[in-house]
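Peer 1: Listed in order, the protein sequences are those of chains A and B. The number in my numbering is simply the position in the first sequence, starting from 1, with 122 added. Oh and the second sequence: position 10 is 3 in my numbering, straight run, nothing missing.
If you are wondering where the hints come from, they were derived from the structure by calculation, not from laboratory data. Treat the hints with caution; some may be incorrect.
From the structure, some residues in chain A lie toward chain B, with a derived Cβ separation under 10 Å [said to hold, decoys possible]:
(1) Trp290
(2) Arg294
(3) Asp297
(4) Phe298
(5) Arg302
(6) Arg303
(7) Thr314
(8) Val321
(9) Thr324
(10) Pro411
(11) Phe412
(12) Ala432
Every beta carbon over 12 Å from chain B, so not counted as near; a handful from chain A, in silico [claimed, not checked]:
(13) Pro266
(14) Leu417
(15) Arg490
Quick caveat, the model's predicted, so the values are computed rather than measured. Beta carbons are placed, not taken as given, at the ideal position from N, Cα and C, and that holds for glycine.
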Amino acid sequence: MVQARTIRLWSRIHTWTSLVCMLFLLMLCVTGLPLVFHDEIDDLLEDEIAAPAMPEGTPRLSLDRMIAAAQARFPGHYVLLLNLKQTEPLVTVAVSPTAVPAPGNFHRLTFDARTGEMLGEEASHQSVMDFVLRIHKDMFAGLPGELFLGAMGLVFAASIISGVIVYWPFMRRLDFGTIRRRSSPRAEWLDTHNLFGIVTVTWATVVGLTGMINTLATPLFDLWRAQLIPVLLAPHLGKPVAPIPSVQTAVELVRARFPDRLVTSVTMPTSARFGSPQHLVIWTKGATPFTARMLQPMLVDANDGKTIVAPEVPWYLKTLQVSRPLHFGDYGGLPLKIIWALLDFITIIVLVSGIYLWIARRKSSVRRKRLDAGRSAAVGV
Amino acid sequence: MAIPSRNQPRVHRSAWDVFRWPVLVGVICGAGLGLALVGDGAWDALSWLALSLPVVLAIFCWRRAGQPR
Chain A
123 MVQARTIRLW SRIHTWTSLV CMLFLLMLCV TGLPLVFHDE IDDLLEDEIA
173 APAMPEGTPR LSLDRMIAAA QARFPGHYVL LLNLKQTEPL VTVAVSPTAV
223 PAPGNFHRLT FDARTGEMLG EEASHQSVMD FVLRIHKDMF AGLPGELFLG
273 AMGLVFAASI ISGVIVYWPF MRRLDFGTIR RRSSPRAEWL DTHNLFGIVT
323 VTWATVVGLT GMINTLATPL FDLWRAQLIP VLLAPHLGKP VAPIPSVQTA
373 VELVRARFPD RLVTSVTMPT SARFGSPQHL VIWTKGATPF TARMLQPMLV
423 DANDGKTIVA PEVPWYLKTL QVSRPLHFGD YGGLPLKIIW ALLDFITIIV
473 LVSGIYLWIA RRKSSVRRKR LDAGRSAAVG V
Chain B
-6 MAIPSRNQPR VHRSAWDVFR WPVLVGVICG AGLGLALVGD GAWDALSWLA
44 LSLPVVLAIF CWRRAGQPR
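All chains should be built: construct the whole structure from the sequences, respecting the hints.
Peer 2: Right, here's the structure in full:
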């Protein structure tokens, strides 16, 4: 019968796609669980530098003061970038002894935005969560590791689709939500696998898909940069890296021209990949909950300190930006994070029950083969 | 229709019967995922409600399986 063959085919597809990606999916789900609470755990374990309380409306100092203070603290170092904290009146300045920063070899100084006082230096060590994130993102294998996990995401998608197709023949004789605990353990695990799997399909698909898109972050950003930079730097060919102009003036200009956007960070002129040698890169985000995800850089010409270039963010980077919150689950407060973690936990049960079912099926088929062989031997075949 | 949790070989459900609940859960979850993106406050709360449906179903059905009929 055609239908039985089709079911067997899809069943086999489901088994094999699941087996291929299973270990990695398990790793992703298990590391993902604490990562949902990345910020909360960091707050608990790491020392946060807090701004002292001051009356509302205390005016903020010029950002140039912070840069000068950072340069005074580390003379001869290169100022890389400035981070404007959104929730507190703090400004972090990153400096490095080399023009192109080496990983881990830079200082991040935190200043009070209103007094210019240096409140402390951000810890340079990796937190526990940073470690877990590395495992989750690329298993410490850099871009190849990221892309490999992205490929596993594709296999996972195939496993989900084939799983939904195979759900039908299995559930033709059962009410939705049934778990046959009185029958064999295999029946109970099968029903649990099917039920837990089918109710989390939407969430698992979205998180898996957005995870895959996230693995393309570096290549996509490089693509945009490769298109943009030649055009931007054409009028400045042959010039050395520009000196730092007045950052405060540039930020005020951007704020005046784009009043609906919030400035989050400023990158100094640099030959490093993350900036431009002839521009200040002022990163902005939107003010509403949805547009807060949409980061847009404004480039201010460092030679005159006032010409603003606002390149259009391409559709593929906008897609990437929307994928981030949908993957992390951090856009709906703590209750959403808790639900995210619970759905992750249910997914782990789906994965583990899948392994159990596969092992149980192999054992029973091995047993059957042995019985058949024994029977044949007894008959003298 | 309270059919106990045993196989009923003669009762073959249609595709719609089998997928009715999963589709409903899927649509509600999809909406839940999007709602919290759009705004804060009430939008977030709606999102929590919608996305807790799979969790509630899983717990409810798991506990129901352990109860004698």
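Peer 1: Should the interface hint for Thr324/A be scored as holding, given a Cβ-Cβ cut-off of 10 Å against chain B?
Peer 2: This interface hint holds because 4 Å falls under the 10 Å limit.
Peer 1: Given Phe298/A as an interface hint, is its Cβ closer than 10 Å to any Cβ of chain B?
Peer 2: holds, 4 Å
Peer 1: Return the status of the interface hint for Arg303/A: holds when the least beta-carbon distance to chain B is below 10 Å, violated otherwise.
Peer 2: holds, 4 Å
Peer 1: Does the closest beta carbon of chain B sit nearer than 10 Å to the beta carbon of Val321/A?
Peer 2: It holds, given that the least Cβ distance between Val321/A and chain B is near 4 Å, below 10 Å.
Peer 1: Would the hint on Phe412/A be counted as holding, given a Cβ-Cβ threshold of 10 Å to chain B?
Peer 2: Cβ of Phe412/A sits 6 Å from chain B, so the hint holds.
Peer 1: Examine each Cβ of chain B, and state whether all of them lie more than 12 Å from the Cβ of Leu417/A.
Peer 2: Fine: 15 Å to the nearest Cβ keeps Leu417/A off the interface.
Peer 1: Hey, does Pro266/A actually stay past 12 Å from chain B on C-beta?
Peer 2: For Pro266/A, whose nearest Cβ neighbour in chain B is about 30 Å away, the distance exceeds 12 Å, so it holds.
Peer 1: Quick one: work out the minimum CB distance from Arg490/A to chain B and report holds if it exceeds 12 Å, violated otherwise.
Peer 2: The assertion about Arg490/A holds, with a minimum of 21 Å to chain B.
Peer 1: Can the hint on Asp297/A be confirmed by a CB-to-CB distance to chain B that is less than 10 Å?
Peer 2: Check passed: Cβ of Asp297/A comes within 6 Å of chain B, closer than 10 Å.
Peer 1: Under the criterion of a CB-CB separation shorter than 10 Å, is Ala432/A in contact with chain B as hinted?
Peer 2: Violated: closest Cβ of chain B sits about 24 Å from Ala432/A, beyond 10 Å.
Peer 1: Report holds or violated for the interface hint on Trp290/A, using the least CB-CB distance to chain B and a cut-off of 10 Å.
Peer 2: Holds: closest Cβ of chain B sits about 5 Å from Trp290/A, inside 10 Å.
Peer 1: Taking the closest Cβ pair, is Arg302/A under 10 Å from chain B?
Peer 2: holds, 5 Å
Hint 12 from the list above is the single one not met by this structure.
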